[in-house]
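There are 2 protein chains.
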Amino acid sequence: MIDGQDRQHRDRMARAVLTWIAEPGDAQLVAVLRRTSPATVVAALTTGSALGTAPAGRGLDRARQRWTARLGDAPTGATVEAWERDGIRLVCPGDPEWPSQLEVLGDAQPWGLWVRGQVDLRFACLHSVSIVGTRAATAYGIHVTAELAAALAGRGWTVVSGGAFGIDSQAHRGALAAEGATVAVLPSGLDAPYPRSHHNLFEAIVAHGALVSEQPPSRTPTRPGFLVRNRLIAALSRGTVLVEAALRSGALNTARHARDLNRPLMAVPGPVTSMASAGCHQVIRDWGGVCVTDVHDILACLSFSPGDMAALSRGPVLPRDELDPVSLSVLEAVPARVGRGPARIAVSAGVDFDTVLRCLGKLAAGGFIERCERGWRIRRPDDPVRVSGPPISQILPDSGHVRCYPAQ
Amino acid sequence: MIDGQDRQHRDRMARAVLTWIAEPGDAQLVAVLRRTSPATVVAALTTGSALGTAPAGRGLDRARQRWTARLGDAPTGATVEAWERDGIRLVCPGDPEWPSQLEVLGDAQPWGLWVRGQVDLRFACLHSVSIVGTRAATAYGIHVTAELAAALAGRGWTVVSGGAFGIDSQAHRGALAAEGATVAVLPSGLDAPYPRSHHNLFEAIVAHGALVSEQPPSRTPTRPGFLVRNRLIAALSRGTVLVEAALRSGALNTARHARDLNRPLMAVPGPVTSMASAGCHQVIRDWGGVCVTDVHDILACLSFSPGDMAALSRGPVLPRDELDPVSLSVLEAVPARVGRGPARIAVSAGVDFDTVLRCLGKLAAGGFIERCERGWRIRRPDDPVRVSGPPISQILPDSGHVRCYPAQ
Chain A
1 MIDGQDRQHR
11 DRMARAVLTW
21 IAEPGDAQLV
31 AVLRRTSPAT
41 VVAALTTGSA
51 LGTAPAGRGL
61 DRARQRWTAR
71 LGDAPTGATV
81 EAWERDGIRL
91 VCPGDPEWPS
101 QLEVLGDAQP
111 WGLWVRGQVD
121 LRFACLHSVS
131 IVGTRAATAY
141 GIHVTAELAA
151 ALAGRGWTVV
161 SGGAFGIDSQ
171 AHRGALAAEG
181 ATVAVLPSGL
191 DAPYPRSHHN
201 LFEAIVAHGA
211 LVSEQPPSRT
221 PTRPGFLVRN
231 RLIAALSRGT
241 VLVEAALRSG
251 ALNTARHARD
261 LNRPLMAVPG
271 PVTSMASAGC
281 HQVIRDWGGV
291 CVTDVHDILA
301 CLSFSPGDMA
311 ALSRGPVLPR
321 DELDPVSLSV
331 LEAVPARVGR
341 GPARIAVSAG
351 VDFDTVLRCL
361 GKLAAGGFIE
371 RCERGWRIRR
381 PDDPVRVSGP
391 PISQILPDSG
401 HVRCYPAQ
Chain B
1 MIDGQDRQHR
11 DRMARAVLTW
21 IAEPGDAQLV
31 AVLRRTSPAT
41 VVAALTTGSA
51 LGTAPAGRGL
61 DRARQRWTAR
71 LGDAPTGATV
81 EAWERDGIRL
91 VCPGDPEWPS
101 QLEVLGDAQP
111 WGLWVRGQVD
121 LRFACLHSVS
131 IVGTRAATAY
141 GIHVTAELAA
151 ALAGRGWTVV
161 SGGAFGIDSQ
171 AHRGALAAEG
181 ATVAVLPSGL
191 DAPYPRSHHN
201 LFEAIVAHGA
211 LVSEQPPSRT
221 PTRPGFLVRN
231 RLIAALSRGT
241 VLVEAALRSG
251 ALNTARHARD
261 LNRPLMAVPG
271 PVTSMASAGC
281 HQVIRDWGGV
291 CVTDVHDILA
301 CLSFSPGDMA
311 ALSRGPVLPR
321 DELDPVSLSV
331 LEAVPARVGR
341 GPARIAVSAG
351 VDFDTVLRCL
361 GKLAAGGFIE
371 RCERGWRIRR
381 PDDPVRVSGP
391 PISQILPDSG
401 HVRCYPAQ
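Protein chains in written order, with the working numbering: chain A, 1 to 408; chain B, 1 to 408.
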């Protein structure tokens, strides 16, 4: 048992190092990891010995030089612990929090994901939709994005996006306005989420969702990094909705990933006179993207029948017996009607405060509990999903015309 | 020969009577005409004898009562001649001007079409596109319709529509603004085209295109007549473009006909916040309609390669040897560079004035000649299609923001 834990710890540390020394999706490392475990790779790089059974070659030699150059300041156990104290945890394949739908990426799965936020990433992404689009959004795109995101969040869906200016940030804001979970997949390290001016938005996402990155803390975004990040947005979610995208928008890259991964690809049409919608029309016309105009179209495209949708909006999306013992004891401590704050729940459940916060996020994403004025309470099966929370004006500062509609 | 002409004359007169006594698409008459010629049917109704080999039945009896009730004031030879003097001609299956693409309607082909206008209907509709949509058009729909119609007309395509308020009339106006041919398929008799307030527009269409109706002169539109008319719009054209349509718009009926006839069905997307575009999005999402955003999308959907399009915009769409001798002599009389008026062309060609006007329309629709300031001239193969004519403000009175773009 100790050996198993030790092996697991070494694997995690090796994956932390891999995120540091290699860019996400590095094809040479993907090839090496097909034959060799992360711990063996890192050990070989550190000692200068041969890379397991990997065939030698000039490409591999150059890659090895690249990796070794960064090995000097790679994170140690102490570094990773310090990051964890700052709320940035490493989630690895095999962890309970690892989103199983990433298996669609095959060998090109991330070696690990850095996560910061209150929700359990796997739970949050079980029912998630990506909403992506151009940074140069129009008032129309902003409006439609916020409406769709709020409507999806109000029905228990997690909204995944890239945290960028324009459509992305509006998707997160719309979900937050409906007190839903939202996940931002960022191209930068999570200690300094990019773009910096979205600091307040990112803090809100940490409180009600999660920031995710393949890049370790302190890493700044690179151009190729944006594109590799996009595949993760598509892979994390059940389907991708493109709201506004010019013909050469990076958001089309995310749409292409969704198509290549055989995930439902949707696009919101717009005026043909608006270049910001040209990419959406291209996706509909040439890529087989589904033309969606409201939340019902999106849910239909995700193959949820009206019955499923009603069930989703009324009760938990997961059975209780999928919960771990700690989450179960936290759930037992959440009252049925009047809300209770996390501190009191922690006392009742006999669990420490940080764990309670994490469990509450997981339970909310799973549809078991909901926020109310005094804290948290059980979500009753016959309740419509509540749409409340802070005044929308606080969350949606740059949009005067967003309507936050209640679940029907 | 005399017998043949006599038989042909009796067939035409019988068809004129059929358009008078039966509504277009009358299922009982369609069934009767499967076994019996129009002349025999009219003779039987007049004399009260049995309807050829048609099986008797209560449905047929009631239909016969309907037809006979209208027989009293059915048009005679003198009536039809008077209508012809007013410019309203009857075009019948088998006539040179009969649009052969109507064969797609099978037994349900019109028994005859009343036509008023300068172009040859068959020639004009060889390369034609229907543009249809809601009467309650928005400024966006008006703008897009006029642009598409002008761009199609500028490339030698005839724009077919229904002459109604909103999208329909704007489609005609856009084509006229580009000096293209346009065909309005009306639900009323052509002596009083409906809607009346489009009098000036209809006169412009008569001068540069054609008004078409299955209804004889003096007939006012009926509600079922609108729907039956829509199948004709779809059948006359190579493909149908829906610009704006609410979910229950009559224009969706035309779109359904285009789909059922296996003609390319296209729709122009719009803001999802606009109910006027909801029908277009439905057509794209659920009916397999192609999302089109500009003239290139439309031509691509009609399976014209860029090479074809360039040829179309440069030269005739029909070979000279498809022209009848009279049209050929008129074509010979049209000068190459400086324009010549119809009266002088009539003298040169040795053809009467009315025939010249009709031939000129046919030759223009066929791409052989073009209007210029002084009348008509040969369209040169390397000329771009000219976009000129009356000031747009005259033709597009209710749209301040229409751009008439030249063919590229």
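Honestly, the hints are just simulated from the structure, not real lab data.
Just so you know, not all the hints are guaranteed correct.
What the hints assert, rightly or not - Label-pair restraints from in silico Cβ distances:
hint, chain 1, residue 1, chain 2, residue 2, range
1, B, Asp354, A, His296, 55 to 63 Å
2, B, Asp260, A, Leu261, 53 to 61 Å
3, A, His296, B, Gly59, 49 to 57 Å
4, A, Thr273, B, Arg196, 31 to 39 Å
5, B, Gly341, A, Thr273, 36 to 44 Å
6, B, Ala27, A, Thr273, 39 to 47 Å
7, B, Phe165, A, Thr273, 54 to 62 Å
8, A, Thr273, B, Val338, 33 to 41 Å
9, A, Leu261, B, Asp286, 47 to 55 Å
10, B, Asp354, A, Arg248, 40 to 48 Å
Nothing here was measured: the structure is a model prediction, and the numbers come from that model.
Where a beta carbon is used, it is the ideal one built from N, C-alpha and C, also for glycine.
Quick one: which hint numbers does this structure break? Sort them smallest to largest. 2, 3, 7, 9 and 10
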